[in-house]
Amino acid sequence: MSRALTVVAVCLVALLAVELVAAQCPSATGFVNCLQFAKVGAPKPDERCCSVVRSKSWTNTCLCNVAMMNIPGVNFNKAIGLPKACGRRVPRGTKCNGYQVPY
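Numbering-wise, the sequence shown is residues 1 to 103 according to the numbering used here.
I should point out that these hints are in silico values taken from the structure, not numbers from a laboratory.
There could be a bad hint or two in this list.
Claimed, not checked - Derived DSS-like pairs: lysine-lysine, alpha-carbon spacing no greater than 30 Å straight-line: (1) 84 / 56; (2) 56 / 78; (3) 39 / 56; (4) 84 / 39.
Please put together the full structure from these sequences, using the hints given.
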């Protein structure tokens, strides 16, 4: 498969996964803005990403659901660390499927 087709396929998988979570988490579709950060080696999250992460509809459950989607190329630790990277406080002891969420 060519590189361009691979990139398109990865993007489609990511969008479909986010849409599935979006049924429970209204702001989950905004996670698309965070994909560059959540990939290994990507720069800090941009303001479009952080505005979603800091919104009231972005609950810890939503964060966990999005992080656990196994989107190709997305680093789980970076995805689960989005609140901290965006300056959102997460209660100490918050867990996602047994993983401690950084605070």
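For each hint, the structure was consulted:
1. For the suggested pair residue 84 and residue 56, the alpha carbons sit about 15 Å apart, so the restraint of at most 30 Å is met.
2. For the proposed pair residue 56 and residue 78, the alpha carbon gap of about 21 Å is at most 30 Å, so the pair holds.
3. With a CA separation close to 24 Å, the supplied pair residue 39 and residue 56 stays within the 30 Å bound.
4. The straight-line distance between the Cα atoms of residue 84 and residue 39 is roughly 16 Å, inside the 30 Å bound, and the hint therefore holds.
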